[in-house]
Each structure stands twice: as C-alpha cells, then as structure tokens.
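*Asks:* Given next are the chains, with one letter for each unit.
2 protein chains.
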Amino acid sequence: MKMLINVPETVVADALRGLAACHPELTVDVDNRVIVRRDAPVEGKVGLVSGGGSGHEPLHGGFVGPGMLDAACPGEVFTSPVPDQMVRAAAAVDSGQGVLFIVKNYTGDVLNFDMAAELAEDEGVQIAKVLVNDDVAVTDSLYTAGRRGTGATLFVEKLAGAAADEGAPLERVESVARRVNELSRSFGVALSACSTPAKGGPTFELPAGELELGVGIHGEPGRERRAMMTSREIADYAVEVVVEDLRPDSPVLLLVNGMGATPQLELYGFAAEVHRALGERRVTVARTLVGNYVTSLDMAGASITLCQVDEDLLRLWDAPVRTAGLRWGA
Amino acid sequence: MKMLINVPETVVADALRGLAACHPELTVDVDNRVIVRRDAPVEGKVGLVSGGGSGHEPLHGGFVGPGMLDAACPGEVFTSPVPDQMVRAAAAVDSGQGVLFIVKNYTGDVLNFDMAAELAEDEGVQIAKVLVNDDVAVTDSLYTAGRRGTGATLFVEKLAGAAADEGAPLERVESVARRVNELSRSFGVALSACSTPAKGGPTFELPAGELELGVGIHGEPGRERRAMMTSREIADYAVEVVVEDLRPDSPVLLLVNGMGATPQLELYGFAAEVHRALGERRVTVARTLVGNYVTSLDMAGASITLCQVDEDLLRLWDAPVRTAGLRWGA
Chain X
1 MKMLINVPET VVADALRGLA ACHPELTVDV DNRVIVRRDA PVEGKVGLVS
51 GGGSGHEPLH GGFVGPGMLD AACPGEVFTS PVPDQMVRAA AAVDSGQGVL
101 FIVKNYTGDV LNFDMAAELA EDEGVQIAKV LVNDDVAVTD SLYTAGRRGT
151 GATLFVEKLA GAAADEGAPL ERVESVARRV NELSRSFGVA LSACSTPAKG
201 GPTFELPAGE LELGVGIHGE PGRERRAMMT SREIADYAVE VVVEDLRPDS
251 PVLLLVNGMG ATPQLELYGF AAEVHRALGE RRVTVARTLV GNYVTSLDMA
301 GASITLCQVD EDLLRLWDAP VRTAGLRWGA
Chain E
1 MKMLINVPET VVADALRGLA ACHPELTVDV DNRVIVRRDA PVEGKVGLVS
51 GGGSGHEPLH GGFVGPGMLD AACPGEVFTS PVPDQMVRAA AAVDSGQGVL
101 FIVKNYTGDV LNFDMAAELA EDEGVQIAKV LVNDDVAVTD SLYTAGRRGT
151 GATLFVEKLA GAAADEGAPL ERVESVARRV NELSRSFGVA LSACSTPAKG
201 GPTFELPAGE LELGVGIHGE PGRERRAMMT SREIADYAVE VVVEDLRPDS
251 PVLLLVNGMG ATPQLELYGF AAEVHRALGE RRVTVARTLV GNYVTSLDMA
301 GASITLCQVD EDLLRLWDAP VRTAGLRWGA
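Line by line, the protein sequences are chains X and E.
Using the UniProt record's numbering, read the first sequence as starting at 1 and increasing by one per residue.
Using the UniProt record's numbering, read the second sequence as starting at 1 and increasing by one per residue.
Among the hints, erroneous ones may be present.
Derived DMTMM-like pairs (lysine to aspartate or glutamate); straight-line CA-CA distance at most 25 Å [said to hold, decoys possible]: (1) X:K2 / X:E43; (2) E:K2 / E:D39; (3) E:K129 / E:D29; (4) X:K129 / X:E240; (5) E:K199 / E:E240; (6) X:K2 / E:E210; (7) E:K199 / X:E43; (8) E:K2 / X:E166; (9) E:K2 / E:D84; (10) X:K2 / E:E205; (11) E:K129 / E:E210; (12) X:K2 / E:E240; (13) E:K2 / X:D312; (14) E:K199 / E:E182; (15) X:K2 / E:D114; (16) E:K129 / E:D39; (17) E:K2 / X:D310; (18) E:K199 / X:E166; (19) X:K199 / E:D39; (20) E:K2 / X:E240; (21) E:K2 / X:E43; (22) X:K199 / E:E210; (23) X:K129 / X:D310; (24) E:K2 / X:D236; (25) X:K2 / E:E233; (26) E:K199 / E:E76; (27) X:K129 / X:E205.
Among chain X residues calculated to face chain E with C-beta under 10 Å, some are [as the list claims (entries may be wrong)]: (28) P202; (29) T230; (30) W328.
Covered, in the sense of this in silico footprint (three residues per stretch, anywhere, with C-beta under 8 Å from a C-beta of chain E), are these stretches of chain X [claimed, not checked]: (31) 103-110; (32) 151-159; (33) 257-265; (34) 296-308.
Honestly, the hints are just simulated from the structure, not real lab data.
The structure presented is a predicted model; accordingly, all values stated were derived computationally and were not measured.
We treat Cβ as the ideally placed atom computed from N, Cα and C, and that holds for glycine.
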C-alpha cells in the first residue's frame with residue numbers, strides 16, 4: 001500500500017507540523033501533541049477538550065476553533081492519547097470556568113481521560129466529562145465495552161461548543177453534550193479495509209464482492225458481512241437500524257459521513273437514498289452535512305448519524321463555527 | 001472495485017438528487033443537469049457559470065452559492081457537459097449584467113462552452129469566457145491541447161465570484177478570472193489510479209511501488225513514473241516545477257488538494273513538506289487551503305496549486321463564500 005508519507009514513525013508529527021503551517025489561528029505543540037486555539041483560554045468561557053487516536057481526521061484536531069473545541073489531543077494512529085496530553089490541554093484552555101472532556105467510548109480513551117480528569121482537578125481545574133457512545137451496530141467489541149463512539153462526536157462537539165460560545169456555565173455545556181449524545185445514533189458500512197502506516201497494508205480482510213455492515217471506525221467487525229449491496233439497499237438497512245433505535249419524534253440533524261476513500265459523487269448519491277429512506281419512515285431532516293468528517297484513514301464506505309433536535313439544539317447547530325474542518329458564519 | 005452506487009448509469013443523477021435533498025439553497029434540475037443557486041438571477045450581479053465532467057467533486061456543483069458560482073453544469077463522469085446545459089444555466093443566472101463562463105482547458109469542454117456562448121448570445125445573454133490552464137505537468141495530452149485546467153479552477157471561481165458579489169461589471173469579473181489563471185500553476189501526483197463507475201475498475205495501470213508525477217485529474221499520463229518517493233521528495237519535486245514556472249514575487253495562495261482517497265492525515269503531512277519547500281525557495285504563503293477540492297474519484301495522490309496574489313486578490317479570497325464545498329464568513 002503506497003502512502004503519501006515520509007516514514008510511518010513520523011506520520012502524526014508530520015501532520016501536526018502541517019496543521020501548524022496551514023492554520024496560524026491554532027497553537028500546535030508538536031512534541032507534546034496538543035492542538036489549542038491560539039486565543040485560549042477565552043475569558044469567561046468553559047473550555048472543551050477532546051481527543052483520540054489519529055486516523056479519523058478532521059476529527060478532532062480539525063474541529064478546534066471558535067464555536068467548537070478549545071483543544072484536541074491526538075494519539076498515535078488508532079491509539080488513545082495519554083493523560084499528560086489531556087492535562088496540558090485542560091490547563092491551556094481553562095479560564096476558571098472549568099473544562100469539559102468529550103470522550104469517545106473506547107477503553108483506552110475512557111481510562112486515560114479518567115486519569116487526566118483526576119490529575120487536572122488536582123491542579124485546580126474543574127472537569128466534567130461526557131462519553132459518546134452512539135454506534136448502534138454492536139455492544140462490546142474489539143476496542144470497547146458498550147457502544148462505540150463515532151459520528152455523534154461531531155454533533156456533541158459542535159452543539160456543546162456553541163453553548164460554551166454563548167457563555168453557558170459548565171453544567172449547561174455538559175448537559176447539552178450529554179443530551180446530544182443521548183439523542184444521537186450512528187451506523188457505518190465498509191466497502192474496503194483501511195491501511196495503517198505502521199502495518200503498511202489492510203488491517204483486516206474484506207473479500208471482493210462483500211461489505212461489512214456495522215463496521216467501526218478502526219475497522220472493527222460489525223454485525224455481519226454480506227454480498228455487495230446497492231446504495232439504496234445500504235441506505236435502507238442503515239436507516240432502519242438507526243431509526244428503530246432512536247425512534248425520533250422531532251426533526252433530526254443528518255450526517256452522511258465518508259470513511260475516507262469514497263468519492264463525493266458516491267456519497268451524495270448515497271445521501272439521496274438516505275433522505276428517501278428517512279422520508280419513507282416519516283423522519284424530517286432539519287439539516288444535512290455530507291463529507292469526510294469522522295474517517296478511518298483510507299477506508300471506503302460511509303456512515304450515517306442522526307441527532308434528534310429541538311429549537312434550542314437547532315439554534316446551536318446554526319451558530320457560527322470557525323475550524324479547519326467545519327466552518328460557517330465566521 | 002466495489003462502489004457505493006446503485007447502477008453505473010444513474011451515478012450522476014443520483015448524486016444530483018442527493019445534492020438537491022441536502023442543499024435546499026440550491027435548485028437542482030436533475031433531468032437537464034443544471035445546478036443553480038436558488039435566488040438566481042441576483043439583481044445587478046454578473047452571473048458565473050462553470051461545469052465539466054463529473055468525478056471531480058466538490059468541483060463544480062459544490063461551488064455554487066453566494067460568493068462563488070451561480071450555476072454549474074455536470075457532465076457524465078469525465079465527460080464534458082453539453083451546450084444545452086450551459087445555455088440553460090446562462091439563462092437562469094443572467095440578471096442582464098452578463099455571464100462569465102469558466103472553462104477548464106479540455107477539448108470537449110472548450111468546444112461545448114464555445115457553442116453554448118454563441119447560442120446564449122443569440123438569446124440575448126452577454127457572455128464572456130475564461131479558460132483555465134494551470135497544470136504545468138504537460139502541454140498537450142490525452143484530453144487537451146495546451147495545458148490542462150486543474151486546481152486553479154477553484155481560485156478562479158472563488159476570486160471572480162467574490163468580485164461579482166461586490167457588484168463588479170462583467171469586464172472586471174472576466175479580468176479578475178483571467179488574471180487569477182495567469183497567476184496560478186498546479187502540479188499533481190498519483191499513487192493509485194481511479195476507477196470510473198462505467199468501467200468498474202482502474203482507468204490505468206500504476207504498478208505497485210511506482211507513482212505518476214504530473215498526473216491529470218482524469219488519470220492522464222504525466223511527466224514520468226518513478227519508484228515510490230517520500231512525501232518530502234514529492235513536495236520538493238512539485239514545488240520546484242511550479243515555482244520554476246510561476247516565479248512568484250509576492251505572496252501566494254496555496255491549495256494542497258487531495259485527489260480523493262488520500263487520508264487527511266497524509267495530506268496535512270504533505271502540506272508540512274510543501275510549506276517547508278516553499279520556505280526554502282523564499283515563497284511566502286498568505287493562505288493555505290487543504291482538502292479534497294478538485295478530485296479524481298477514488299484516486300490516491302495530491303496536487304498543489306499556487307496563485308500569486310496582491311492585496312486586491314487577497315481581499316477577494318477572504319470575502320464570504322457560502323457553498324456546499326467551500327464556506328466561510330457566511
């Protein structure tokens with residue numbers, strides 16, 4: 001597998017150097033692996049910190065900026081960051097109003113953010129935590145006890161980020177984040193495996209002519225493998241399991257997310273089928289976001305995430321955001 | 001090659017249905033294949049129309065909206081749209097101030113936009129045309145006489161779009177577009193071929209362990225094939241040929257563009273090397289854009305585009321834009 005890299009060992013550091021060079025509005029500590037908005041800490045504002053293994057970009061580093069995260073901690077590819085990164089991030093963004101840790105539900109991330117929370121509180125930073133566990137595909141898997149955290153992370157970071165931007169106290173920012181997670185569900189499919197730089201080839205085998213239904217963002221196994229399906233059939237399957245689990249009774253935000261290597265031409269065709277399938281189930285879509293946002297390196301495939309919203313959450317979604325990966329109104 | 005599609009024959013129509021469903025701010029004529037901003041024609045504003053073969057998304061349909069294009073005409077995959085689409089688009093966006101056609105330099109596109117210009121003028125629409133031909137890799141190739149049009153198309157559409165948004169007359173909008181093209185140069189590399197839905201497999205053979213230097217956005221041959229190079233070596237090669245040709249004596253806009261399947265983690269690492277290589281050649285980068293903007297379906301690889309700017313062009317770059325594929329300040 002050919003990659004646009006120097007050597008596997010420096011992939012994360014090289015990307016961080018690139019982020020620093022391209023985005024002067026960020027402070028990137030390449031050695032300690034912390035990405036912080038340059039104007040942090042923002043006076044009077046609750047700080048938002050997230051992080052996780054690299055390989056899912058723009059999540060999380062691409063979501064640092066006004067209206068979203070204050071800092072992100074990237075680990076090695078598909079590997080949790082360490083507590084030291086999170087403690088540094090918390091210290092860098094705390095204005096005295098406290099810090100929310102947004103943690104995807106993977107065993108390593110959960111343990112390390114827990115430890116970091118204790119260490120940061122010892123240093124006088126008030127910490128709240130929210131766990132993202134939106135993936136309805138499986139409970140308990142290779143990396144996780146319980147449901148995995150995937151696409152809903154974007155919704156949690158955006159909506160809690162907007163609440164913090166409005167000057168909400170830590171309690172409200174945490175409650176928005178928790179609510180968004182509870183109101184969100186995801187499901188993903190893989191048409192191909194992804195290749196990590198360290199391995200230099202596919203992380204799992206997916207035979208020609210088959211797809212993986214319910215795949216995780218590290219290529220973890222899903223619900224089942226089937227003979228290749230059409231975009232329409234995949235949309236029906238994914239919408240069915242997500243709607244069945246969420247049972248939304250008000251409009252939803254819809255993320256149609258590319259896993260990395262699926263062309264936008266295909267992704268929009270898939271989005272058409274997802275809209276159709278939702279319409280047939282009388283689910284109203286308030287806003288749609290289409291693109292590569294929560295990726296798995298060069299995996300081909302897609303996921304959908306629904307987040308049921310009320311007027312408050314919809315207003316937070318529409319609020320300005322200015323990050324490398326998501327930007328409007330600013 | 002597995003694809004997230006229904007059948008190859010409906011790929012473009014399916015994507016247009018998706019664009020319509022996800023972006024209510026656009027009017028998408030799926031049958032006639034014209035994408036128009038919903039509020040067109042905008043009173044007193046020059047209209048901008050572009051188009052080309054599908055498979056390069058978000059170019060061009062993802063760049064329709066305030067501050068950029070008024071309409072786009074998608075052809076079949078890697079196939080020029082037909083004059084009828086362009087004539088419809090021109091009629092839909094002309095407010096009486098005239099329309100600029102932005103045409104990538106491929107034989108089919110040039111012929112069809114020429115014919116459309118005549119037909120539209122017969123219908124009373126004043127038409128100006130600008131040809132984009134920024135790719136320094138080769139002159140004359142599979143699809144083109146002269147240089148190919150690639151990444152600079154984004155700069156032309158953004159900067160001319162901003163000029164039109166300010167209320168500039170057709171003459172000035174055309175002159176901005178022409179100037180941006182003259183001040184822009186691109187160079188791309190492929191690590192893998194792309195697969196078209198019709199063919200169902202790679203459009204050309206690229207042996208394991210080799211890359212194509214100077215590849216076109218349809219996988220056309222470039223300057224040479226070499227044994228796989230590092231990100232640093234590729235950046236040095238690409239920056240050398242682009243800077244040698246452009247010889248910029250003021251700051252530049254830099255686009256580090258993914259061909260489709262290259263992970264953002266790799267793209268930012270490559271961006272770091274491009275910044276380094278430009279710095280060593282004393283080229284100052286005013287703004288950088290990193291992402292999949294002018295793609296070749298699922299090709300792995302990247303291209304760089306430089307556009308030399310003065311204060312006027314930099315202001316136009318920073319002006320608000322609100323499209324599916326590029327958005328800020330609005």
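*Asks:* Given the proposed pairing of K129 (chain E) with D29 (chain E), does the C-alpha separation stay at or below 25 Å?
*Replies:* 23 Å, holds
*Asks:* Are 3 or more residues of the segment 103-110 of chain X near chain E, judged by a Cβ distance of less than 8 Å?
*Replies:* violated (count 0)
*Asks:* Taking only the CA atoms, is the gap from K2 (chain E) to D39 (chain E) under or equal to 25 Å?
*Replies:* Outside the cut-off at roughly 38 Å; violated.
*Asks:* Is the hinted pair K199 (chain E) and E166 (chain X) satisfied, with a Cα-Cα distance of at most 25 Å?
*Replies:* With a Cα-Cα distance of about 51 Å, the restraint between K199 (chain E) and E166 (chain X) is violated, given a limit of 25 Å.
*Asks:* Going straight from one Cα to the other, do K199 (chain X) and E210 (chain E) come out at no more than 25 Å?
*Replies:* OK: K199 (chain X) and E210 (chain E) at ~19 Å, within 25 Å.
*Asks:* Straight-line Cα separation of K2 (chain E) and D312 (chain X) no greater than 25 Å?
*Replies:* 41 Å, violated
*Asks:* Just to make sure I understand the rule, a stretch counts as covered if three or more of its residues have a C-beta closer than 8 Å to a C-beta of the chain. Does the segment 257-265 of chain X meet that for chain E?
*Replies:* Contact hint for the segment 257-265 of chain X vs chain E: holds, 6 residues under 8 Å.
*Asks:* Hint check: K199 (chain E) vs E76 (chain E), CA-CA at most 25 Å. Holds or violated?
*Replies:* Between K199 (chain E) and E76 (chain E) the Cα gap is close to 13 Å, so the pair holds against 25 Å.
*Asks:* Quickly compare the C-alpha distance for K2 (chain E) and D84 (chain E) to 25 Å and report which way the hint goes.
*Replies:* 33 Å, violated
*Asks:* Three or more residues of the segment 296-308 of chain X near chain E by CB distance under 8 Å?
*Replies:* holds (count 5)
*Asks:* Mind taking a look at whether chain E covers the segment 151-159 of chain X? Criterion is 3 or more residues with CB to CB distance under 8 Å.
*Replies:* violated (count 0)
*Asks:* For the pair supplied as a hint, K2 (chain E) and E166 (chain X), is the alpha-carbon distance within the 25 Å limit?
*Replies:* 45 Å, violated
Of the numbered hints given earlier, the model fails hints 1, 2, 4, 5, 7, 8, 9, 11, 13, 14, 15, 17, 18, 19, 21, 27, 28, 31, 32; all others are met.
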